[in-house]
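Read left to right, the sequence shown gives residues 4 to 174 (the numbering used here).
It is possible that part of the hints are untrue.
Said to hold, decoys possible - Pair by pair, the computed Cβ-Cβ distance ranges are: (1) Gln82 - Gly151: 35 to 43 Å; (2) Glu55 - Leu149: 28 to 36 Å; (3) Asn89 - Asp150: 33 to 41 Å; (4) Val43 - Asp159: 16 to 24 Å; (5) Glu55 - Asn104: 16 to 24 Å.
Note that these hints are calculated values from the structure, not bench results.
Glycine included, C-beta positions come from ideal geometry on N, C-alpha and C.
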Amino acid sequence: MKKLLYFFTMMALFSACRQDSDDPPTGEVAFHLITNFETVGNSCEIDPSTVEWMSIPFLSYMDLISYNPQNHRFALTEQGVDIVKNRDYPVDGVGFVLLANGALVYTGYFYPAYSSQSCDWVVIEPLNVAYNGYLEVRLGYPGEVLDGSIPDLRNDSAILNIFARDGKLVE
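Just need the whole structure built from these sequences, with the hints factored in.
Shown next, in the form of structure tokens:
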């Protein structure tokens, strides 16, 4: 009888300590769409002090399979791909914030390839997602601006630490 009681006690302890696989991990990275913001001067630069974003993520951490810091690509789940491809994108883009641990890391735009406007800020071309399954974060549109005028926060330690912790960082 003592062995049976010990067995059930141990099972209860293990069950209580086991993390439910459906629970999202703490300290997540997520993309939220911006509802209101101002730009700096006549640029596309988003003033972070003016940003308001939707409380529900556009792409949650569960939609992000991995992050590759060498090419700044977030691989997406099928659901994540569907979320991105089933949205309309105006030629001047859709603003987003990337949050890590609930804190704003950087802002940018989902900027479609059919836009004839240039943008000197962080951009993600959303239309390629349907073909390749990932979001590539770039500095500037149509070509990358590599003169240092756009702060490069794509490999912020908060992002890298979260993905590394969960085995989702491509090395």
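Taking the hints in turn, this is what the structure says about them:
The beta-carbon spacing between Gln82 and Gly151, approximately 36 Å, falls within the hinted interval of 35 to 43 Å. Between Glu55 and Leu149 the beta carbon distance is about 30 Å. The supplied range of 28 to 36 Å therefore holds. Between Asn89 and Asp150 the Cβ separation comes to about 35 Å, which falls inside the hinted range of 33 to 41 Å. A C-beta distance of roughly 20 Å is found between Val43 and Asp159, which places it inside the suggested range of 16 to 24 Å.
At roughly 19 Å, the beta carbons of Glu55 and Asn104 sit within the given window of 16 to 24 Å.
Hint violations for this structure: none, all hints satisfied.
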